[in-house]
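With the sequences and hints as input, model every part of the structure.
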Amino acid sequence: MRSEVGARHLQVVAEGLTRTQLVAYAGASGDFHPFHHDEIYATTHGFDQIFAHGMLTMGITGQALVSVFGDEGLDRYAADFLKPVWPGDTLTTELQVTAVLEDGSVEVDISTTDQHGTQVLRGTAAGTLAGD
Amino acid sequence: MYMRSFEFPIEAGHIQEFKRAVGDLDATFDPDAATPPTFMVSADRYDPDYDRRLRSDRPWPPVAPESGSGFHAGMVFEYHRHPRAGEVLTATVADGEEWYKQGRRGGQLRFREIVTTFVDADGQPCVTARWINVRADNEVRE
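In order, the protein sequences belong to chains A and B.
Per my numbering, residue 1 is the first one in the first sequence, and the count goes up by one each step.
Per my numbering, residue 133 is the first one in the second sequence, and the count goes up by one each step.
FYI, nobody ran anything at the bench for these hints, they're computed from the structure.
Every value quoted in this text rests on a predicted model; they were computed, and no experiment measured them.
There may be inaccurate statements among the hints.
Claimed, not checked - In silico DMTMM-like cross-links for lysine to aspartate or glutamate, where the CA-CA straight-line distance does not exceed 25 Å:
(1) B:K233 / A:D109
(2) A:K83 / B:E210
(3) A:K83 / B:E245
(4) A:K83 / B:E229
(5) A:K83 / B:D269
(6) A:K83 / B:E230
Printed below as a string of structure tokens:
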């Protein structure tokens, strides 16, 4: 992605999210809340099925940030979780540069949408693009 | 103000596991790996007070939704630098800011931050993480 206002990066970050990935994330993060792996618990409490941790959606979206900022370029990453993400969902993240600062670092808007075009995560990030 | 601290060892195998879990399915073991952007949230695995896990001293599940504990609405990470495998950080968890907003369906929403600061072995800041929780607040505020 170029260091200029309006530059964009589009990346499919999850294709057909699996229940197995939700379980893998529970183990890796330590967050075993039953909403994210126990179908009976989730349906008993008013949901159609289990759904992804908000932090899994943020982590998945983070792949797009690593693509453009590298492993150590990020200064800040913020996200709001707007809608649940369900097993089977395909997620696409779009990054757009909103500002280029004097030191060459950039600010970007983040939007992750599901296969229906519904925005599930909205956020911002700042840092130095990889290669700059 | 509520506060607690604990050590968070950054392990290469944990980084590999975390990367795979967030979609880098072929992540390999790297003894010098940098931490992914949201990795610090997995410090919860080392937090003795964390309640989203099976514990011998508490019932499971930890909190029923009916209790009005709210839900995780957002997250902010500020990186002073990106820690690597092999480091041992100290995490300090504390209450952050609290604010209110009008809900779309009427009523008031209460937002509350839980702030975790991570410092390295020299006491230098690495990452600050802000967990933002929201719940409907039916109480009348003065």
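Comparing the hints with the structure gives:
This hinted pair checks out: K233 of chain B and D109 of chain A have alpha carbons roughly 23 Å apart, not beyond 25 Å. In summary, the hint linking K83 of chain A to E210 of chain B is supported, as the alpha carbons are separated by about 24 Å, within the 25 Å threshold. Taken as a hint, the K83 of chain A and E245 of chain B pair is honoured in the structure, with Cα atoms around 20 Å apart against an allowance of 25 Å. Distance hint between K83 of chain A and E229 of chain B is fulfilled; the C-alpha atoms sit about 24 Å from each other, no more than 25 Å.
A distance of roughly 21 Å separates the Cα atoms of K83 of chain A and D269 of chain B; the hinted pair therefore holds under the 25 Å criterion. For a cut-off of 25 Å, the pair hint linking K83 of chain A to E230 of chain B stands: about 23 Å separates their Cα positions.
Violated hints are absent here; each numbered hint is respected by the structure.
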